[in-house]
Amino acid sequence: MKSLLLFLLLLPSLVMAVAADPQTYLTKLSKSIKGIPPTLAERQALEKLSSASDIDTYMKGRISEYLQSPSFELKFKDKIDELFRFTAEKSTESQYFAGHSSYDYLVQDLIHNNQSWDQLLLNKKYKVNSNDSVRYRYSLTELDFYHMLTNQVPAIPDAATTLSEQIHRYDHGSVSDTLLNFNFDDSDLRMAGVLTTPRFLTRYVDTALNKNRRRASAVFRVFLCDSMVPAIPAKTEDSEKTDFNVLFPGNNQSHGAGMDPGAMGNADLHGAQADCRACHYKLDPMGQTFALSAGAMSPFPSPGALTFKSMISLKDINMPVAGVGELAKNITQQDDYVHCQVKHFWDWYVGTDAPMNQKMENDLAQKFNEVGRRPKDFISYLVSLDIFKERPQILSEAQILARRVVPIFKNCNSCHQLPTKDDMNGMDTWDLTEMPYGNTPEDKTKAIRKISKALGVGAGNLKQKMPPPDSTYKLSDDDYLLLKRWIEKGAPDFTGMPQVTQ
Amino acid sequence: MRTIAIFLSMIFVFNSMADAEFEQTSRRYASNQDIYQYLSRYLPNYCTQILDEDRSVLGFDSVATGSSISPTPSAMTILKITTCIRGSYAQFVSAPYGIASVGSGDELFGGSRPELYQILLTDQKALWSKQSPQFKQSLIANMVMDILGPDAEIKDFGLIPNVDDFRTSLMAEIDKNPNISLYEALESLTINLMTRDEFLSY
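Protein chains in written order, with this note's numbering: chain A, 26 to 527; chain B, 2 to 203.
Simulated from the structure, these hints should not be mistaken for laboratory data. Mixed in with the good hints, there may be bad ones.
Unchecked claim - The list that follows gives simulated cross-link-like pairs (lysine to aspartate or glutamate, DMTMM-like), each with its CA atoms no further than 20 Å apart: (1) A:Lys414 to B:Asp152; (2) B:Lys156 to A:Glu72; (3) B:Lys156 to A:Glu415; (4) B:Lys126 to B:Asp152.
Looking at chain A on its own, in the form it has when it is part of the complex (with noise of 0.2 Å):
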């Protein structure tokens, strides 16, 4: 009786994910893909098919229709948008730029023709359009932005290039205007798609103070998913004395005594200290790619260096570039670029919160790059997964518990999985996103105890010993509290069962 009730108990957590029904999966792919639901005839011509491989041939058809829709290309740039921070806002500013600019072009293109995702980085053709009398900033236009960076001029109107289709589409034929073009050399050092059009110049703005690197910070954020949090520790019991300390080393007193900013003399301790120096080390060698552009672009190219550690190999990545051209360039060509990119497409398209453990993220970016990194064929494959098409299903807490902590153990992971590196001798290595920790109940509680030591759990965090206080990464509070709480309720992996079981 026992283990029949310990049976029924556990039942709904060893519930499998199943597919879901057609007509759920044709709504799915719809409102993601379009944003609105199938059509009454898309619903009756699959209500009358019953074989698999008819369902099936129906669907990849409706995937390939639905992605050359309007639609689908207006919902995918509203995403891009938004990853670049660029969503519509009540400004003059907004509004001169809002579809009409260089960088909507650009992006519009790059969705339509179903170009490379690098081209985001790489595309140096950008057209402009030629009525745009609104100023965007220092009474300047797009056509003076790019005038003064080529003599190449195109002339008016015999360069010009009539209104696309579809721009016309994006532009709900309201616009009648023409584009001029401005094709630069694929080798020119200045130039770098999405980054130097007055759109991204002018959302993310130099300052004598930033110098830049709100923009680098911009480029690390959406291209390598470094989001740059602050790296200052996280608050404790002592917490005011620990971030005083950090921030005003060498003043024993208590905080707030003896706070006098002359006395500290003319060092920038911001960028001198440790944990600020984990941003200032990537953002300022790539700010400086960005010197002399302000609301204009400097006509020369501006040498400064992409250097970051990358979450994939764990090497210091440290290349010296003339220009933003080659910064954008080589951004590409990381692995640490692949894999963020897939992120994106993962949470638009998947889920934020649906598990990717490290192999199936591994899997993706190889995907992604055989099919060249188009964006209609990665998308096409995501929406074809099984992880998209499973029913909805009602997860219990401790599934849900499981499934948080992943996205955290995924920055364990950039130590804890790779063995390879010269002074991770003795570390142990294995990758945490993946669950359960081992085969046997033994192996699992040790290696849940092993996790729960390194955290201090029930020393309230006070022993914790990882992240090291070396590491970039540090654990919030809300992450700790989260994982202590996983940790009570037995570590469960994701079928809900307690990993701890003695």
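Given chain A, work out where chain B should sit, using these hints.
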């Protein structure tokens, strides 16, 4: 006012916004941006204006943080949908792609059968109670199909185990008020169905 009363009563009867936890499953709420797109396509012009004024309140991605203050449809979203439908239902019915428009765009409203709704264009005060049971059943079935999807899909979602019972209970609820007009009945039905999880998620 009558419409509001009916709508509120229907909320309690049918639990239109269920508390289901979608996080971490293959089912998820449409983003607020998506809902905005739905409404601006279903209900052109008026809804767009209302929603555009309230982007941040509705939970659109902030350009400062890149994320939404409300990752799932909030109470404000539901209120806005309701206000929006009530304020522009005439458009929903008629032009340019309303459910009563002959040849309405398939893409905008899957499965429109304009002949069912023609009466709304000619006699907006026609009483619900004066319509034949068959006609009323057809209207409800059509709206459920158009907004929530076919029966198999609704059942797959899991909140409505028996779609026939659901349609019957919808009709019974409207039938309780003998003075409600056909127009008001359909407006309430639309609000009720468009604020359900089945419509707001995928």
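Report task. Assess, step by step, whether the Cα of Lys126 (chain B) is no farther than 20 Å from the Cα of Asp152 (chain B), and give holds or violated. Result -> 31 Å, violated
Query - Agreement of Lys156 (chain B) and Glu72 (chain A) with the hint, judged by alpha carbon distance not exceeding 20 Å - result: Holds, at about 15 Å.
Report task. Take the C-alpha atoms of Lys156 (chain B) and Glu415 (chain A), compute the straight-line distance between them, and say whether it is at most 20 Å. Result -> 14 Å, holds
Query raised in the report: Keeping to a limit of 20 Å between CA atoms, is the pair of Lys414 (chain A) and Asp152 (chain B) held or broken?
Result: 18 Å, holds
Checked against the numbered hints above, the structure violates only hint 4.
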